[in-house]
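**Q** In case you want the letters, here they are:
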Amino acid sequence: MNFLRVLGKGFLKVLYDSGGIFLFFLKSFSYSFFPPFRINFLIKHMEFIGVKSLLVVILTSLFSGMVTAYQVNIALSKVGSQAILGGVVALTLTRELGPVLTAVVVVARAGSAISAEIGSMRITEQIDALKIMAVNPIQYLITPRLWAAIFVLPLLTAISDVVGIAGGYVIGVFLLHIDPGLLTARMIDMVELKDIMSGIIKSIFFGAYLVSVCGYKGFYAFGGAEGVGKATTEAVVISTVGILISDYILTTLIF
Amino acid sequence: MIIIKDLKKSFNNLEVLKGVNLVIPEGKVTFIMGQSGSGKSVLLKHIVGLLKPDSGEIWFENKDITKLSEKELQEIRRKIGFLFQEGALFDSMTVKENIIFPLKEHFKMSKAEREKIAEELLSVVGLLPAKDKYPSELSGGMKKRVALARTLALKPQVVLFDEPTTGLDPILQVSILELIKGLKEKYNLTCVIVSHDLNLAFKFADHIAFLHGGIIIEVGSSEEIKASKNEFIQEFIRSALL
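Protein chains in written order, with the working numbering: chain A, 1 to 255; chain B, 256 to 497.
Careful, some of the hints might be misleading.
As the list claims (entries may be wrong) - A partial selection of chain A residues facing chain B, derived with a Cβ cut-off under 10 Å: (1) E117; (2) S120; (3) M121; (4) I127; (5) D128; (6) A129; (7) L130; (8) K131; (9) V135; (10) T251.
These aren't lab readings, by the way, just hints derived from the structure by calculation. Every residue, glycine too, gets a C-beta built ideally from N, C-alpha and C.
Using the sequences and the hints, build the whole thing.
**A** Next comes the structure, spelled out in structure tokens:
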């Protein structure tokens with residue numbers, strides 16, 4: 001019975017959080033259409049979420065592209081199809097690894113910071129202070145971040161795709177000695193515009209999703225410094241797991 | 256004038272307000288007294304719509320605050336300021352930026368005008384030299400004074416103070432309350448101060464309301480409160496004067 005109670009409680013919490021996050025997203029999104037429009041905030045958050053995540057995204061993508069090429073080569077060499085290595089690596093990166101890795105990196109670097117910052121504002125009554133000064137806190141704190149992530153995640157994903165493919169190319173050509181012309185030709189043959197766009201569409205969804213989760217968890221944080229820590233941890237865990245689950249769902253819907 | 260009628264609020268089956276009735280007169284300093292945890296701050300947060308009651312009404316300018324939407328509350332909040340216990344200053348902004356913030360949000364004026372008003376308000380609370388400091392560099396009393404200047408930037412009619420003297424030494428307590436009293440005269444404010452310091456209330460209040468057991472048990476001037484026959488109030492007075 002105790003096990004069932006714990007299971008039921010956990011299930012109810014997931015339902016409660018899911019509904020709360022979705023409503024939070026709807027509010028943040030709908031406030032975008034009402035003044036004031038905080039363009040300077042949008043640019044500031046694009047810099048924080050995008051520019052400042054760039055180096056980590058580049059490093060992660062480079063080594064992911066390299067290791068993917070290395071591992072895929074082992075499988076392909078068993079069936080004598082090393083020629084398609086470039087295509088396989090490019091498909092893996094544009095369809096899956098590029099958008100997912102980028103989103104996870106942004107969750108770890110920017111999402112956690114969003115949750116902690118907003119959570120800290122909540123427990124020190126700064127969010128209530130915004131309300132008291134007749135400023136809508138969701139419109140002020142979340143809406144610019146939401147759009148910043150929606151704009152920036154596709155750009156980061158595109159960069160991640162390019163860098164990852166470059167990493168795969170380096171391994172294929174210089175370590176595995178595959179003909180560069182053949183590797184590039186197979187890549188061009190196998191990768192279609194739809195593959196690239198699917199990754200970009202996913203990244204737009206991931207951007208909106210991670211800001212909604214991290215913003216929601218911070219916005220409703222309670223219980224002092226410990227509460228902010230808990231909210232940040234939950235934000236990162238829910239965002240990361242949610243990105244992986246929704247990646248699967250989006251893949252089945254798109255293809 | 257603010258009229259509170261039969262206000263009730265519970266948190267997780269704990270009844271905090273059990274039917275509060277109170278009239279807060281215009282242009283006066285009203286102290287809401289009571290023991291720690293008696294629901295004074297909860298009552299104050301209802302007046303400005305930060306909390307929604309389970310039942311009851313709060314009337315201000317012919318509007319029941321408890322029934323207003325978040326958008327309608329924004330209009331009310333420009334008229335009712337709130338001073339948080341810890342100040343609730345934006346820690347990523349300097350003192351001057353904290354005061355400029357509400358001006359930037361609500362008034363169309365040049366940067367120079369905003370800065371002039373912010374500096375004037377900082378002069379009023381005696382903190383102009385600290386204008387470029389961050390809240391983390393200020394003492395508790397200084398934070399409260401900056402928060403007061405920020406509250407005044409929106410030119411409110413009513414200011415609610417949540418324990419403005421808690422954590423301050425006796426000299427600072429008196430200086431904060433003298434500042435509030437002076438500002439009340441200067442800007443013709445209605446002030447509502449939540450406190451449990453009876454000596455300060457006797458010195459500065461026009462009206463004192465006692466919250467105990469979730470209801471207002473006594474309202475009156477300092478003299479009327481001193482002469483109250485309520486046992487709890489007499490015990491409170493005896494303890495305060497020890």
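**Q** If a hint holds in the structure, say so; if it does not, say that too.
**A** For each hint, the structure was consulted:
{"no.": "1", "hint": "E117", "in the structure": "holds (8 Å)"}
{"no.": "2", "hint": "S120", "in the structure": "holds (8 Å)"}
{"no.": "3", "hint": "M121", "in the structure": "holds (8 Å)"}
{"no.": "4", "hint": "I127", "in the structure": "holds (9 Å)"}
{"no.": "5", "hint": "D128", "in the structure": "holds (6 Å)"}
{"no.": "6", "hint": "A129", "in the structure": "holds (4 Å)"}
{"no.": "7", "hint": "L130", "in the structure": "holds (9 Å)"}
{"no.": "8", "hint": "K131", "in the structure": "holds (6 Å)"}
{"no.": "9", "hint": "V135", "in the structure": "holds (5 Å)"}
{"no.": "10", "hint": "T251", "in the structure": "violated (39 Å)"}
Violated hint for the displayed structure: number 10, the only one.
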